[in-house]
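Each protein sequence line maps, in turn, to chains A and B. Under our numbering, residues 1 to 364 are what the first sequence spells out, in order. Under our numbering, residues 1001 to 1043 are what the second sequence spells out, in order.
Everything labelled a hint here was simulated from the structure, so no lab data went into it. Just to be clear, a hint being listed does not mean it is correct.
Restricting the straight-line Cα-Cα distance to at most 35 Å, the calculated cross-link-like pairs of lysine-lysine (DSBU-like) are [unchecked claim]:
no., chain 1, residue 1, chain 2, residue 2
1, B, LYS1043, A, LYS272
2, B, LYS1043, A, LYS15
3, A, LYS269, A, LYS306
4, B, LYS1043, A, LYS123
5, B, LYS1027, A, LYS248
6, A, LYS34, A, LYS15
7, A, LYS240, B, LYS1043
8, B, LYS1043, A, LYS103
9, A, LYS11, B, LYS1036
10, A, LYS101, B, LYS1027
11, A, LYS221, B, LYS1043
12, A, LYS306, B, LYS1027
13, A, LYS34, A, LYS64
14, A, LYS11, A, LYS64
15, A, LYS15, A, LYS64
16, A, LYS48, A, LYS15
17, A, LYS103, A, LYS64
18, A, LYS221, B, LYS1027
19, B, LYS1027, A, LYS64
20, A, LYS248, A, LYS221
21, A, LYS105, A, LYS123
22, A, LYS272, A, LYS221
23, B, LYS1036, A, LYS123
24, A, LYS272, B, LYS1036
25, A, LYS272, B, LYS1027
26, A, LYS306, A, LYS272
27, A, LYS11, A, LYS103
28, B, LYS1043, A, LYS212
29, A, LYS103, A, LYS118
30, A, LYS212, A, LYS123
31, A, LYS103, A, LYS123
32, A, LYS46, A, LYS34
33, A, LYS48, A, LYS34
34, B, LYS1027, A, LYS269
35, A, LYS103, B, LYS1036
36, B, LYS1036, A, LYS34
37, A, LYS105, A, LYS272
38, A, LYS64, A, LYS48
39, B, LYS1027, B, LYS1043
40, A, LYS212, B, LYS1027
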Amino acid sequence: MNYTEFLNYIKDNIKNWLPGEYDNAEVLVEQVIKNNDTVLDGLVIKRKESHICPTIYLDGYYEKYIQGYDLSGILQAIARMQVESERSGVFDLSVIRDFEKAKEKIVCRLINADNNQKYLSNKPHTRLGELAVTYHVQIESEVDGVGHVAIDHNLLNNFGVGTAELFEIAVNNMERLTPAVFMPLNTVMERTLRNMGANNGMSEEEIEEFVKEALPDTEGKLYYLGSEDDTYGAIAILNKQNLDLAAKEIGGDFYIFLSSIHETLLMPKDGKTNYEELELMVHDINVTQVAPEEKLSDHVYEYDAKERMLLRCDNAAERKCILEQAEKRAEPKKSLKEALAEKKTEAGLGSKENTKTKATDVSL
Amino acid sequence: MQKEINGVEFEVVDQQRRQERLAAYGKGLEALNSDKEDAEEEK
C-alpha cells in the first residue's frame, strides 16, 4: 500500500474502530504546513456534539506501517488517541484572548528562515541571518502536558503589539518557561540509552552492554545545550548567559552545531579543526540522520567568549578577512571601524553596536 | 509532532531518533579526528 492508499484506508476505516457516538462524524484528511515547510497529513474527525477537534498526524503511522506494524493495530491506536484526546482535551484557551495573561506564557523557537517561507508567511517572526525566531503561547493541559499555539498575524493584531515587543517578552520569559539544560553530551546520551533500555524491558546487565556499545566517546569533546523537556531547545543559544556559562565550563571559545530545532551541540575550539570540515560533517548528518521537520542549519556557528559574540563561522571568517583587507587597503580618510561598517552594510549584516540593543548580541 | 487539539500543538520527542542524531555527531567527530591522525602519520 503506498502512502495515498494508506491515507484513504485510514480515512475509510477509522469509524469501524470508534464507539457508536462517532457514526455520524465527518472524517477528513487535511494538509498542514509545519516546520521547514513540511506538509503533514492530519486526520480530523468532527462530531457535531463536540467542540473538541483533535488533528492526528498520519505520517508517523505510515512509517510504522512500513516498519511492519499491522493495520488493525494502527487503526486501534488512532481511534484510542481520538477518543482520549476528546475526553481529555479540556484546557483553558482564554489565555490567548487576553494579552495581559498571554504575555506571561509567550515563548520563542528557533527555526531556519530560508526553509520556512510558507510557514512564516502568516506569522510574525524575527529574522537573524538564515534563522528566524517564531512566537508561541504555552497552554497547559492536565493530560497532555504543555502544548503551544503559534502566534500568527491575526493573533498578533488581537494582542495589539509589534514583533519587537514579542521578541523582548519571549526572551525575558525564557529562563522561567523554558529553562536551558547544559551538560556533557555523554551524560545526556547515557541517560537516554538507559531509559530506552529500561522501556524495552532490558535487564541491568543488558542495559550496561547496550550503553557500552551505543555510546560514542564524546567526553570533553561535545556538550549539549537544550531544554528541560527536550523540545525546541535550540533557542537557548540566544540567551547569552547560557553561552557564557558554557564558555566557562569549556574553558574558552567553542563551535556550535545547530543539530536540530530541539538542541545544539557545542565543541571546544582545538585549533586543529576548521569550520569547513565541520560543515561537511553537519551537512552529512542532516541528510542522513535528521528528520526534515527537525532540521535547523547546515552551517557551523561559534561563540567568541571574550567578545561575547555569536557568529556564523563563514561570516566570522569573512569578518577576519575584511579586517585584514581593511588594514592593507584602508584609505587614509577611512578608519578601520568605518571600513568594517561599510563592508558589513554591503553584506547585509547588522553591526555589533546595533545588535547590542537586543537581548543578545547576535551577528549571524 | 504527535497531535494537535483545537490548534494547540503537543510535541512528543522521538527519543530513538534523537539518540541517533546525537550519536552521529560523536561518531562524525571521531571519524574526522581519526582521518587527521592517519594523515599526520602518513606525513
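Structure-based check of each hint:
no.: 1; hint: B:LYS1043 <-> A:LYS272; verdict: holds, 16 Å
no.: 2; hint: B:LYS1043 <-> A:LYS15; verdict: violated, 69 Å
no.: 3; hint: A:LYS269 <-> A:LYS306; verdict: holds, 14 Å
no.: 4; hint: B:LYS1043 <-> A:LYS123; verdict: violated, 55 Å
no.: 5; hint: B:LYS1027 <-> A:LYS248; verdict: holds, 25 Å
no.: 6; hint: A:LYS34 <-> A:LYS15; verdict: holds, 27 Å
no.: 7; hint: A:LYS240 <-> B:LYS1043; verdict: violated, 42 Å
no.: 8; hint: B:LYS1043 <-> A:LYS103; verdict: violated, 61 Å
no.: 9; hint: A:LYS11 <-> B:LYS1036; verdict: violated, 54 Å
no.: 10; hint: A:LYS101 <-> B:LYS1027; verdict: violated, 46 Å
no.: 11; hint: A:LYS221 <-> B:LYS1043; verdict: holds, 25 Å
no.: 12; hint: A:LYS306 <-> B:LYS1027; verdict: holds, 30 Å
no.: 13; hint: A:LYS34 <-> A:LYS64; verdict: holds, 20 Å
no.: 14; hint: A:LYS11 <-> A:LYS64; verdict: holds, 17 Å
no.: 15; hint: A:LYS15 <-> A:LYS64; verdict: holds, 20 Å
no.: 16; hint: A:LYS48 <-> A:LYS15; verdict: holds, 15 Å
no.: 17; hint: A:LYS103 <-> A:LYS64; verdict: violated, 39 Å
no.: 18; hint: A:LYS221 <-> B:LYS1027; verdict: holds, 11 Å
no.: 19; hint: B:LYS1027 <-> A:LYS64; verdict: holds, 27 Å
no.: 20; hint: A:LYS248 <-> A:LYS221; verdict: holds, 15 Å
no.: 21; hint: A:LYS105 <-> A:LYS123; verdict: holds, 17 Å
no.: 22; hint: A:LYS272 <-> A:LYS221; verdict: holds, 13 Å
no.: 23; hint: B:LYS1036 <-> A:LYS123; verdict: violated, 45 Å
no.: 24; hint: A:LYS272 <-> B:LYS1036; verdict: holds, 9 Å
no.: 25; hint: A:LYS272 <-> B:LYS1027; verdict: holds, 18 Å
no.: 26; hint: A:LYS306 <-> A:LYS272; verdict: holds, 20 Å
no.: 27; hint: A:LYS11 <-> A:LYS103; verdict: violated, 39 Å
no.: 28; hint: B:LYS1043 <-> A:LYS212; verdict: holds, 34 Å
no.: 29; hint: A:LYS103 <-> A:LYS118; verdict: holds, 26 Å
no.: 30; hint: A:LYS212 <-> A:LYS123; verdict: violated, 45 Å
no.: 31; hint: A:LYS103 <-> A:LYS123; verdict: holds, 17 Å
no.: 32; hint: A:LYS46 <-> A:LYS34; verdict: holds, 22 Å
no.: 33; hint: A:LYS48 <-> A:LYS34; verdict: holds, 27 Å
no.: 34; hint: B:LYS1027 <-> A:LYS269; verdict: holds, 18 Å
no.: 35; hint: A:LYS103 <-> B:LYS1036; verdict: violated, 51 Å
no.: 36; hint: B:LYS1036 <-> A:LYS34; verdict: violated, 40 Å
no.: 37; hint: A:LYS105 <-> A:LYS272; verdict: violated, 44 Å
no.: 38; hint: A:LYS64 <-> A:LYS48; verdict: holds, 31 Å
no.: 39; hint: B:LYS1027 <-> B:LYS1043; verdict: holds, 25 Å
no.: 40; hint: A:LYS212 <-> B:LYS1027; verdict: holds, 14 Å
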